[in-house]
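Colleague: In order, the protein sequence lines correspond to chains A and B. Residues 49 to 335, numbered by the numbering used here, are exactly what the first sequence covers, in order. Residues 1122 to 1451, numbered by the numbering used here, are exactly what the second sequence covers, in order.
None of these hints come from the bench; they were simulated from the model. Quantities reported herein were computed from a predicted structural model and do not represent experimental measurements. Where a beta carbon is used, it is the ideal one built from N, C-alpha and C, also for glycine. Some hints could be false.
FRET-style restraints, in silico, Cβ to Cβ [claimed, not checked]:
hint, chain 1, residue 1, chain 2, residue 2, range
1, B, Pro1265, A, Ser274, 39 to 49 Å
2, A, Asn105, B, Lys1308, 41 to 51 Å
3, A, Ala249, B, Gly1186, 13 to 23 Å
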Amino acid sequence: MSGQLTIPQLEKKALAIRRDIISMLEHAGSGHSAGPLGMADIITALFFSILKIDPQNPEWNERDYFILSNGHTVPVVYAAMAERGFFDVTELSTLRQLGSRLQGHPERTKLPGIETTSGPLGEGLSQAAGIAYSLQYLDKNPHRFVYTMLGDGELNEGNIWEAAMFAGKYKLSQLVCFIDRNNIQIDGSTEDVMPLENLRAKWESFGWHVQEIDGHNMESIIESASMGRAISNKPSMVIAHTIPGKGVDFMEYDYKWHGVPPNKEQAKDALKKLRTLNGKITHEGMA
Amino acid sequence: MQFYLRDNILNDDVEKEPIRAGFGRGLKAAGDKDENIVALCADLTESTQMHLFKNAHPNRFIETGIAEQNLVTVAAGLARTGKIPFTSSYAAFSPGRNWEQIRTTACLNEMPVKIIGSHAGISVGPDGATHQMLEDIALMRVLPHMVVIAPGDSIEAEKATQAIAENNSPSYLRLARDKTPIFSTEKSPFEIGKAYVLRKGHDVALFGTGAMTYELLRAAQILADNFAIEAEVVHVPTIKPLDTETLLESARRCGRVVTAEEAQIAGGFGSAVAELLSEQLPMPLKRLGMNDRFGESGQPAQLMDHFGLTGEKMAKQIVQFVQNSYQYHQ
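Working from the sequences, and respecting the hints, build out all of it.
Modeller: What follows is the structure in structure tokens.
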């Protein structure tokens, strides 16, 4: 099993996953660029360090669950799954094509290892809460955890806050969530479209334990998950501040890259830049 | 298959009970048998009769508050861990409000989430149109993988509840608020996907779902007594999957068909039958139900009469239909 990777090794994985994302999106000709690139470090940390999973046995009955609530960012999850050994990396090029197991938004019944079908925003958190409730109160198994990834834009959805109340009420302590706080959504800045702040206070007032981290710092990501597991009387929220399009300078911070893929030229450029942007991708303390 | 109708059901003193009461008993019984069954309710526990389960199995009951979107999606999560979740609310809100969640997390996700919609139809009564759900059959019928059942009485609801506890599929159970006549017996069969011929005839086939089947039995008696029309009555508790074999057989025998439902006929049960007949056995068809309009406040019996859904009112419409339509012969 992995989980033993060093921070620099994890960062190398994240770089490989970013390359996979650029290539698969360019090949598919549609899909979302900014979110997957921005979430690459968190997803890498989850699949290579945090999650208790077995790629050879996706339904392993002692595994942790990972629920992607913002399903449109699934290319980063497919890339992480392939790099982790759930399937061959070559299958990534089938993304969004007819007959592919790699649907435009994740479908449980298509690809082993995808825990739930998601994409319509706001539904992943309640599904995760249902799983967490089951582990905590019905199965009474404290050794399994449910990790969830939310987009910040999807926090506009009412369903999210219904789930927030539910998880708070039942003190779902085996539920650990990350918000990809990249401040963009399709129509622009999250604070222009529908302000989310004070985001920390919102979750705290719903009964959650809240941490805020740099979503590109591997150590912070892994430590926040560890803290989330240690909090025993509340659900745990990690607001991960990220840069949309992280790693490709012409995509970074630009909401216009939310829902579009790079074309051939842009992808070539992006892949070249990813290789040279060591200062942004590589852990500062390591050569 | 023999249905074992109760005796003397057309008498004025026919025993009545809300269909939802049967659901309450059925869920408790299913829960007694299978510890994977869990129940979730959106602040209407007694109203939907889930309290019987809650009292017997408090550790497997989950209160979600007035949050129907969360209700079904939490249920989908529970199902992912091998549980069999029953969710209940008023049909106007579940599946009325949370259709997309049901579509994505139960149907596309293939999770055996059970949607129990109580207080469906105009017989909800005084609460009025906002709470009289009429579009639920259409909404649920169109979803791949979804099973749709409208039991005819409380005894059948009890059996249907136990049946969907074991069918490993997302399922919708349509319940009514008001007391309705009990026409089936403990011995009556119930199988998902089966329709039952309750009365044989040859002039017109009457297909009913939910409590409307009882009203059709009354209509058939009026037709026989006063108009020399021998109507066949078929009870169709499962709207999806439709028992096409039984329905086509009755249609073929009678040469014309009437459907009855306490719901919008557009997209509803009548539409399901229209789709079947127009593709496989085109013949005269009359659909009775709510025709592109909402209900309103009133006593349940008044409303059923006002909207023409009593046995007497339907009998009049059926006579006209029989007199003005040709009889299909193969």
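Colleague: Determine for every hint whether it applies to the structure shown.
Modeller: For each hint, the structure was consulted:
1. B:Pro1265 <-> A:Ser274: 39 to 49 Å: holds (41 Å)
2. A:Asn105 <-> B:Lys1308: 41 to 51 Å: holds (47 Å)
3. A:Ala249 <-> B:Gly1186: 13 to 23 Å: holds (22 Å)
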